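Participant: Each chain, written out:
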Amino acid sequence: MAAYNTIAFHADRCDGCGDCMTACARAKTASDSPRRARLQVLADGAGSFGLAMCRQCADPECVPNCPAAALRKNTETGIIEWDQAKCVNCLLCTVGCSYAGIVLDEVAGHVVKCDQCGGDPACVRTCGNGALEYLSTARIYNEVGALEDLFVPGLAGCQGCNTELLMRHTLRRVGPDTVLAAPPGCVPGMGAVGYNGMTGTKVPVFHPLLTNTAAMLAGVKRVYKRKGREVTALALAGDGGAADVGFQSLSGAAERGEEMLFLVIDNEGYMNTGMQRSSCTPYGAWTTTTPVGRESLGKSQDAKNLPLLMVGHRCAYVATASTAFMTDFYAKLDNALQASKRGFAYLHVYSPCTTGWRFPPRKNIEVARKAVESNFVVLWEYTPEAGLKLTHPVDDPAPVKEYLEALGKYRHLTSEQIAHIEHHIVANVAAVKQQASAQP
Amino acid sequence: MSAAAPERGFLVCDGNEAAALAVALARVDMVAVYPITPQSSLVEYLAKFVADGRLQAELVDAEGEHSVLSVLQGAALAGARTFTATSGPGLAFMFEPYLRTPGMRLPIVMSIVTRDTLTPQSVWGGHQDAMSVRETGWVQMYCETVQEVLDTVIMAYRVAERHDVMLPVNVCHDGNYLSYGTARVELPDQDVVDTFLGAPDVNWHAALDPERPMAVDPLTGGAGGAGPALFVRYRRGQCAGMRHALDAIREAHEEWGRLTGRYHAPLIERYRMDDAEYSIVTLGSMTGAAKDAVDGARERGRRVGLVKVKTFRPFPAVAVAEALRGHGAFGVVDRSVDFAWSCGPLYREVLTALHGITPAAPSQSFIGGLSGADLTVEQFESVIETVRHLRDPGPRDTVWLNAQE
Numbered sequence: 001m002a003a004y005n006t007i008a009f010h011a012d013r014c015d016g017c018g019d020c021m022t023a024c025a026r027a028k029t030a031s032d033s034p035r036r037a038r039l040q041v042l043a044d045g046a047g048s049f050g051l052a053m054c055r056q057c058a059d060p061e062c063v064p065n066c067p068a069a070a071l072r073k074n075t076e077t078g079i080i081e082w083d084q085a086k087c088v089n090c091l092l093c094t095v096g097c098s099y100a101g102i103v104l105d106e107v108a109g110h111v112v113k114c115d116q117c118g119g120d121p122a123c124v125r126t127c128g129n130g131a132l133e134y135l136s137t138a139r140i141y142n143e144v145g146a147l148e149d150l151f152v153p154g155l156a157g158c159q160g161c162n163t164e165l166l167m168r169h170t171l172r173r174v175g176p177d178t179v180l181a182a183p184p185g186c187v188p189g190m191g192a193v194g195y196n197g198m199t200g201t202k203v204p205v206f207h208p209l210l211t212n213t214a215a216m217l218a219g220v221k222r223v224y225k226r227k228g229r230e231v232t233a234l235a236l237a238g239d240g241g242a243a244d245v246g247f248q249s250l251s252g253a254a255e256r257g258e259e260m261l262f263l264v265i266d267n268e269g270y271m272n273t274g275m276q277r278s279s280c281t282p283y284g285a286w287t288t289t290t291p292v293g294r295e296s297l298g299k300s301q302d303a304k305n306l307p308l309l310m311v312g313h314r315c316a317y318v319a320t321a322s323t324a325f326m327t328d329f330y331a332k333l334d335n336a337l338q339a340s341k342r343g344f345a346y347l348h349v350y351s352p353c354t355t356g357w358r359f360p361p362r363k364n365i366e367v368a369r370k371a372v373e374s375n376f377v378v379l380w381e382y383t384p385e386a387g388l389k390l391t392h393p394v395d396d397p398a399p400v401k402e403y404l405e406a407l408g409k410y411r412h413l414t415s416e417q418i419a420h421i422e423h424h425i426v427a428n429v430a431a432v433k434q435q436a437s438a439q440p
Numbered sequence: 001m002s003a004a005a006p007e008r009g010f011l012v013c014d015g016n017e018a019a020a021l022a023v024a025l026a027r028v029d030m031v032a033v034y035p036i037t038p039q040s041s042l043v044e045y046l047a048k049f050v051a052d053g054r055l056q057a058e059l060v061d062a063e064g065e066h067s068v069l070s071v072l073q074g075a076a077l078a079g080a081r082t083f084t085a086t087s088g089p090g091l092a093f094m095f096e097p098y099l100r101t102p103g104m105r106l107p108i109v110m111s112i113v114t115r116d117t118l119t120p121q122s123v124w125g126g127h128q129d130a131m132s133v134r135e136t137g138w139v140q141m142y143c144e145t146v147q148e149v150l151d152t153v154i155m156a157y158r159v160a161e162r163h164d165v166m167l168p169v170n171v172c173h174d175g176n177y178l179s180y181g182t183a184r185v186e187l188p189d190q191d192v193v194d195t196f197l198g199a200p201d202v203n204w205h206a207a208l209d210p211e212r213p214m215a216v217d218p219l220t221g222g223a224g225g226a227g228p229a230l231f232v233r234y235r236r237g238q239c240a241g242m243r244h245a246l247d248a249i250r251e252a253h254e255e256w257g258r259l260t261g262r263y264h265a266p267l268i269e270r271y272r273m274d275d276a277e278y279s280i281v282t283l284g285s286m287t288g289a290a291k292d293a294v295d296g297a298r299e300r301g302r303r304v305g306l307v308k309v310k311t312f313r314p315f316p317a318v319a320v321a322e323a324l325r326g327h328g329a330f331g332v333v334d335r336s337v338d339f340a341w342s343c344g345p346l347y348r349e350v351l352t353a354l355h356g357i358t359p360a361a362p363s364q365s366f367i368g369g370l371s372g373a374d375l376t377v378e379q380f381e382s383v384i385e386t387v388r389h390l391r392d393p394g395p396r397d398t399v400w401l402n403a404q405e
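Sequence order for the protein chains is F and P.
Start counting the first sequence at 1; every next residue gets the next number (the working numbering).
Start counting the second sequence at 1; every next residue gets the next number (the working numbering).
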């Protein structure tokens, strides 16, 4: 079954201005009367707004209600299409719909409904608050849903862990002609490489040392290239191994332009070994080696910006991503995969750790999203040809306090420490933007 | 750097070039390199051979020895015949992947151009580097001459890749004395080497290959279940591989002798031992001077012999015991130190090999040639004289040659 793109409504961002209705009316009729729009923003009487619009239901009421077969679900696009030539104006369709998604346009003299403007909805384009969003994540499902999940079921990640999500999505997309390096950390810790003769992965997989992932993969890849075989060399590494003890081999392989896709899952520390500090651990964070006590309050240094360091290597591709922005991640995964066929591709994915960061498992995506929305994490991509570009610029960031308060590892922060983090965020965004403004 | 060597025939070269020539003749698929004294010219030769198309191998200029060996591990798991070389601190830095290579049963060949270890700071020869890694499960052979370096690097692949061995091999040649010492060597024909080695067959047992997907080195062990027995199986398998290596080394030397006419002693060499009443035991390039000293003593009527150990790992205990048994006192000359026992490491190995043989022979440990010091014929003459006068089998202090006493 295909998945479809949808228009999402974020009620918390809607101020009821009605611009979306005007835009719809203009796009679909000769008038700009909101009354003729195919979506209606309605006050709920309690200060917020609701949306009346066709949801393009999977199991629609309107379609079977129609006695004239004028409505049909297009299984390609997911749009419920209305055929004027068949319509008998009985309005039975409007009776079935729970969303007031198909209504009588009195001026036109027949029912009307949303058709998503062929993939570029006028309402979404107009909304200045981001209350309407055209979600195209269905592309991911349609493109990779049929591909085989190359990890076995039952990997033993912590509850709510996004790393497993990331691993499965990545390997499914990268495919079976892959050699996977899983250095010590959460990825093999949850059983990806396996135990006592059994494995959790359906492609060739190995434990490199924590220190030599990029070097071992380089050796593998060079041999297949020499043999004329198309094999993707993929690393799923943690931030500690990449930024600390494995940094030399990472830097060496990047400098030599070894052809591989090196994906770092950044959970800001050595989470698999019990939540110790890495150089990617942010300032102020509690870890088991930056504990909170009378003499110290978490980590006293800022995190190393590893992806920017990789830009300094002029890798074929460098990008940051977040598990809360999977469309963005997928686009970057595709780009990184392509780049890995001509050089060193580096993808740095922020992946909150429910266990080590002290927050409820159900909040993982929310935490990841808050990190981006507060500019704690900046999403960008880089190639030597095009330079660095922000892929999800956040010009009006949410207060980082909201992000920090969601995480137990920052529970002890003083106002001075929070001020330090706020200052660091500004400096970090400036550093990324400075790189973005540099000539490629 | 000399001009490109001829494809066959004779030439004069040093041990580093001889090793590089052997690598080219072995048609290695990948060499990973990083410079360190006294090995540097060896990898420079390799890089030049690749640049000239004489060696059609992938050349990885890695950013350090740790990655050098790691790259080769990946390459071997993808099916490549591989080579590198290192010395002293480079070997120390390489230790993490080095320690892991035998357990993965990867038939990587690596020259150790031996160098004394820090500290005191030293860039000169000595066996301390190779001796420091003697318990890691690599095969180690020590060469006496430049020709033996060339021949042994080639033979190392035959040993390493034999299916009942599948272990990495160190070919050790002495820093300074063999690395830079030149001699006339004979180059084997390429087709002889091709016949001798055959095609690389290095990852039939463990591969990183999408056509044969498997997990390489998942976690093994734990407190219960199948783990402990599986772990023991792997460890015992390594020991079996080492035992088989003794036979593989003998077989390789014999076949190589048949093909080239050059028969090197595979495990140990017995020199003038038949009627020897006492003997000295040597390792590596010092053996030349030691043999001269033995010859001189023989001319003076002394019944002295020499046993050269070539294969140090696995230790040819039976051969050593048979060679020394019934020949009276012996002295062992080491170019490195066993700190635990204040003697030479080879001395301790020989004592262990002779354990249980009665009557116990008088013996003494001699340590010399550290940090580039020469081991001269005169020094060996004094060693021979000391051994000649040994009477009781009891413990004795180590004699430190080159010491101002």
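Fair warning: there could be bad hints in the mix.
A short, non-exhaustive set of chain P residues, derived as facing chain F with CB atoms under 8 Å [unchecked claim]:
{"#": "1", "residue": "Pro97"}
{"#": "2", "residue": "Asp209"}
{"#": "3", "residue": "Leu219"}
{"#": "4", "residue": "Gly227"}
{"#": "5", "residue": "Ile357"}
Hints listed in this document are in silico derivations from the structure and should not be mistaken for laboratory results.
Just so you know, these numbers come straight off a predicted model, no measurement behind them.
C-beta atoms are modelled at their ideal positions from N, C-alpha and C, and glycine is treated no differently.
Participant: Out of the numbered hints, which ones does the structure contradict?
Facilitator: Number 5 only.
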